[in-house]
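K.L.:
Spelled out from the first residue to the last, the chains are:
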Amino acid sequence: GENVEQHPSTLSVQEGDSAVIKCTYSDSASNYFPWYKQELGKRPQLIIDIRSNVGEKKDQRIAVTLNKTAKHFSLHITETQPEDSAVYFCAALLTGANNLFFGTGTRLTVIP
Amino acid sequence: GAVVSQHPSRVICKSGTSVKIECRSLDFQATTMFWYRQFPKQSLMLMATSNEGSKATYEQGVEKDKFLINHASLTLSTLTVTSAHPEDSSFYICSASAYTEAFFGQGTRLTVV
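Listed in order, the protein sequences are those of chains H and G. Each residue of the first sequence is one higher than the one before, counting from 1482 in my numbering. Each residue of the second sequence is one higher than the one before, counting from 25 in my numbering.
Just so you know, the hints here were simulated from the structure itself, not pulled from any lab data. The structure presented is a predicted model; accordingly, all values stated were derived computationally and were not measured. Possibly wrong hints are sitting among the right ones.
[Claimed, not checked] Listed below are the simulated DSS-like cross-link pairs for lysine-lysine, each with C-alpha atoms no more than 25 Å apart in a straight line:
no., chain 1, residue 1, chain 2, residue 2
1, G, Lys-65, H, Lys-1518
2, G, Lys-79, G, Lys-65
3, G, Lys-90, G, Lys-38
4, H, Lys-1523, G, Lys-65
5, H, Lys-1549, H, Lys-1518
6, H, Lys-1539, H, Lys-1552
7, G, Lys-79, G, Lys-38
8, H, Lys-1552, H, Lys-1503
9, G, Lys-44, H, Lys-1523
10, G, Lys-65, H, Lys-1503
11, G, Lys-90, G, Lys-44
12, G, Lys-38, G, Lys-88
The shape of chain H in the complex, shown without the other chains:
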């Protein structure tokens, strides 16, 4: 099956700075990579996703990059705000499968 690793496990940044979270996956057959934001005690919410036929995708302050050759993908948050503080999970979906494999999560803290 797929193995997704995520780093760092915790990340603190000053408000206004950028934050980068990185994930690697093991199975080259994975073709869909979503990112979820989970606030304390709440459900994960999809914030951005990327498919294997695209190298980069951007949505306002959030961007995701994918390197298929190296099997890694990253989440970039620019101009961070305190409300960005949450746990972020990356995930990967194998082609033909329908369950996501999650990374271990990154607790992001944005310091005002």
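We have chain H; now place chain G onto it with these hints.
P.N.:
Chain G only, in chain H's frame:
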């Protein structure tokens, strides 16, 4: 986006009793639903894959007799924690897939006392 409703959001039960958690897809049909367990400050651990009209597929290490899953319709899956013990206390989340995107329920905080 699609809506998945999970109920109850919080439940406290006595050790030895059973608790049922419901997961409903409100505006789409979900042939497959997933049940996750999340320990504090940890990732989502897939417990089982629930397929409509058939038996659930459990992940290694998950006791199928303890965590009973029923998926009787295209919009409803239930997870029953039987003979609950304090170590079963956790945050349980369901999700349903529409195409490739996963939609999560609100989660259920189970506390066994």
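K.L.:
Are the hints correct? Go through all of them and say.
P.N.:
So, going through the hints one by one against the coordinates:
{"no.": "1", "hint": "Lys-65/G <-> Lys-1518/H", "result": "holds, 13 Å"}
{"no.": "2", "hint": "Lys-79/G <-> Lys-65/G", "result": "violated, 31 Å"}
{"no.": "3", "hint": "Lys-90/G <-> Lys-38/G", "result": "holds, 16 Å"}
{"no.": "4", "hint": "Lys-1523/H <-> Lys-65/G", "result": "holds, 13 Å"}
{"no.": "5", "hint": "Lys-1549/H <-> Lys-1518/H", "result": "holds, 23 Å"}
{"no.": "6", "hint": "Lys-1539/H <-> Lys-1552/H", "result": "holds, 19 Å"}
{"no.": "7", "hint": "Lys-79/G <-> Lys-38/G", "result": "violated, 28 Å"}
{"no.": "8", "hint": "Lys-1552/H <-> Lys-1503/H", "result": "holds, 11 Å"}
{"no.": "9", "hint": "Lys-44/G <-> Lys-1523/H", "result": "holds, 19 Å"}
{"no.": "10", "hint": "Lys-65/G <-> Lys-1503/H", "result": "holds, 18 Å"}
{"no.": "11", "hint": "Lys-90/G <-> Lys-44/G", "result": "holds, 12 Å"}
{"no.": "12", "hint": "Lys-38/G <-> Lys-88/G", "result": "holds, 21 Å"}
Hint compliance for this structure: hints 2, 7 are broken, all remaining hints hold.
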